[in-house]
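Q: Sequence:
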Amino acid sequence: MTDKRIILVTGASKGIGRATAKALAKEGAHVIALARSTEALEALDDEIRADTGESATLITLDLKDGSSIDRIAAPLKERFGRIDGLVANAGILGTIGPLETVSPRSFEDTININLISNWRLIRALDPLLRQSEAGRALFMTSGVTVRPRAFWGPYQASKAGLEAMVQAWAFETEQSSLNVNLFDPGATKTDMRFSAVPGEDQSLLPTPDEVASKLTFYVSKACDLHNQRISYREL
Numbered sequence: 001m002t003d004k005r006i007i008l009v010t011g012a013s014k015g016i017g018r019a020t021a022k023a024l025a026k027e028g029a030h031v032i033a034l035a036r037s038t039e040a041l042e043a044l045d046d047e048i049r050a051d052t053g054e055s056a057t058l059i060t061l062d063l064k065d066g067s068s069i070d071r072i073a074a075p076l077k078e079r080f081g082r083i084d085g086l087v088a089n090a091g092i093l094g095t096i097g098p099l100e101t102v103s104p105r106s107f108e109d110t111i112n113i114n115l116i117s118n119w120r121l122i123r124a125l126d127p128l129l130r131q132s133e134a135g136r137a138l139f140m141t142s143g144v145t146v147r148p149r150a151f152w153g154p155y156q157a158s159k160a161g162l163e164a165m166v167q168a169w170a171f172e173t174e175q176s177s178l179n180v181n182l183f184d185p186g187a188t189k190t191d192m193r194f195s196a197v198p199g200e201d202q203s204l205l206p207t208p209d210e211v212a213s214k215l216t217f218y219v220s221k222a223c224d225l226h227n228q229r230i231s232y233r234e235l
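Sequential numbering of the sequence shown, starting at 1, is according to the UniProt record's numbering.
It is possible that part of the hints are untrue.
Simulated pairs of lysine-lysine, DSS-like, Cα-Cα distance not exceeding 25 angstroms [as the list claims (entries may be wrong)]:
| no. | residue 1 | residue 2 |
| --- | --- | --- |
| 1 | Lys77 | Lys4 |
| 2 | Lys14 | Lys4 |
| 3 | Lys14 | Lys64 |
| 4 | Lys4 | Lys214 |
| 5 | Lys26 | Lys189 |
| 6 | Lys14 | Lys189 |
| 7 | Lys4 | Lys26 |
| 8 | Lys214 | Lys77 |
| 9 | Lys64 | Lys214 |
| 10 | Lys64 | Lys77 |
| 11 | Lys189 | Lys4 |
| 12 | Lys64 | Lys26 |
| 13 | Lys189 | Lys214 |
| 14 | Lys221 | Lys77 |
| 15 | Lys64 | Lys221 |
| 16 | Lys14 | Lys26 |
Okay, the calculated beta carbon distance ranges per label pair [stated by the list, open to error]:
| no. | residue 1 | residue 2 | range |
| --- | --- | --- | --- |
| 17 | Gln175 | Leu99 | 16 to 26 angstroms |
| 18 | Pro148 | Arg79 | 40 to 50 angstroms |
| 19 | Arg79 | Leu225 | 21 to 31 angstroms |
| 20 | Ser103 | Ser176 | 38 to 48 angstroms |
| 21 | Leu225 | Glu200 | 24 to 34 angstroms |
| 22 | Ser103 | Glu133 | 14 to 24 angstroms |
Derived by calculation from the structure, the hints in this document are not laboratory data.
Every residue, glycine too, gets a C-beta built ideally from N, C-alpha and C.
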């Protein structure tokens, strides 16, 4: 196992996360797939086995459960000793609409999953990533941070906070072998995008597989970028 890159992908049960997990496995990485649905993770594992003959490590976890995130590092350290990559993909759209109509619970869940859970992942996994000779961490962001718009307030706030936090971590890790970057996939043919813009012609959008085919490089040993905001549309 130690000769493979060990990469943890959150939100691995569907969309870009699922496509990324499969693409990384095909490239020879051992994937640690994290999501809420055990059934969906097991289906992903079946597909990875069919594609590569290898299995993934599956973690069923709700990112709203902060104490569970805090506990994932110890068993991973015991089994692997390190993590070579983190693809922090998981996120929710939250409520699209006027801010005054957003419920406190919806707002808090959006901030918790899109921002706070990623801080907890950093806190838990930083030591394991630093054990890698080429640790890589990539966080999924959104174009709403650079092009703010009406009615996307909770999601927009969560992603803006995420970018600021990840940039801070990147500055803190400048003198290490760990590289930290942001990745903006842009509009992609996913269920989340359909929920946000249901009238859009999704046939015009890139698929999760197309995005994943570019994304995997940024958690590879060959990638030497650090503290960058990478846009899929500009690749």
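Q: Compare the structure with each hint and give your call.
A: Hints, verified against the model:
1. Annotation: proposed proximity of Lys77 to Lys4 holds, straight-line Cα distance about 15 angstroms (limit 25 angstroms).
2. Distance check on the hinted pair: Lys14 and Lys4 sit about 24 angstroms apart at the alpha-carbon level, within 25 angstroms; holds.
3. Simply put, Lys14 and Lys64 have alpha-carbon atoms about 18 angstroms apart, close enough for the 25 angstroms limit, and the pair holds.
4. Using a Cα cut-off of 25 angstroms, the hinted pair Lys4 and Lys214 holds, with the two alpha carbons roughly 20 angstroms apart.
5. The straight-line distance between the Cα atoms of Lys26 and Lys189 is roughly 22 angstroms, inside the 25 angstroms bound, and the hint therefore holds.
6. Distance check on the hinted pair: Lys14 and Lys189 sit about 11 angstroms apart at the alpha-carbon level, within 25 angstroms; holds.
7. Note on Lys4 and Lys26: the hinted pairing holds, with a Cα-Cα distance of about 12 angstroms set against a maximum of 25 angstroms.
8. About 29 angstroms separates the Cα atoms of Lys214 and Lys77, which puts this hinted pair outside 25 angstroms; it is violated.
9. For the hint linking Lys64 to Lys214, the alpha-carbon distance of about 29 angstroms lies beyond 25 angstroms, and the restraint is violated.
10. As the CA atoms of Lys64 and Lys77 are separated by approximately 22 angstroms, the hinted pair is consistent with the 25 angstroms bound.
11. Taking the CA atoms of Lys189 and Lys4, the gap is near 30 angstroms; set against the 25 angstroms cutoff, the hint is violated.
12. Restraint check: the Cα-Cα separation between Lys64 and Lys26 comes to about 30 angstroms, which exceeds 25 angstroms; the hinted pair is violated.
13. About 15 angstroms separates the Cα atoms of Lys189 and Lys214, which keeps this hinted pair within 25 angstroms; it holds.
14. Using a Cα cut-off of 25 angstroms, the hinted pair Lys221 and Lys77 holds, with the two alpha carbons roughly 20 angstroms apart.
15. Taking the CA atoms of Lys64 and Lys221, the gap is about 31 angstroms. The hint is violated against a cut of 25 angstroms.
16. For the hint pairing Lys14 with Lys26, the CA-to-CA distance comes to about 17 angstroms; that is within 25 angstroms, so the pair holds.
17. For Gln175 and Leu99, the Cβ-Cβ distance of about 40 angstroms falls outside the hinted range of 16 to 26 angstroms, so the restraint is violated.
18. The given range of 40 to 50 angstroms is respected by Pro148 and Arg79, whose C-beta atoms sit roughly 42 angstroms from each other.
19. Separated by about 29 angstroms at the C-beta atoms, Arg79 and Leu225 satisfy the suggested range of 21 to 31 angstroms.
20. Between Ser103 and Ser176 the beta carbons are some 41 angstroms apart, a value that agrees with the proposed interval 38 to 48 angstroms.
21. In this structure, Leu225 and Glu200 meet the distance hint of 24 to 34 angstroms, their C-beta atoms being roughly 31 angstroms apart.
22. Taken as a hint, the range 14 to 24 angstroms is violated for the pair Ser103 and Glu133, whose Cβ atoms sit roughly 46 angstroms apart.
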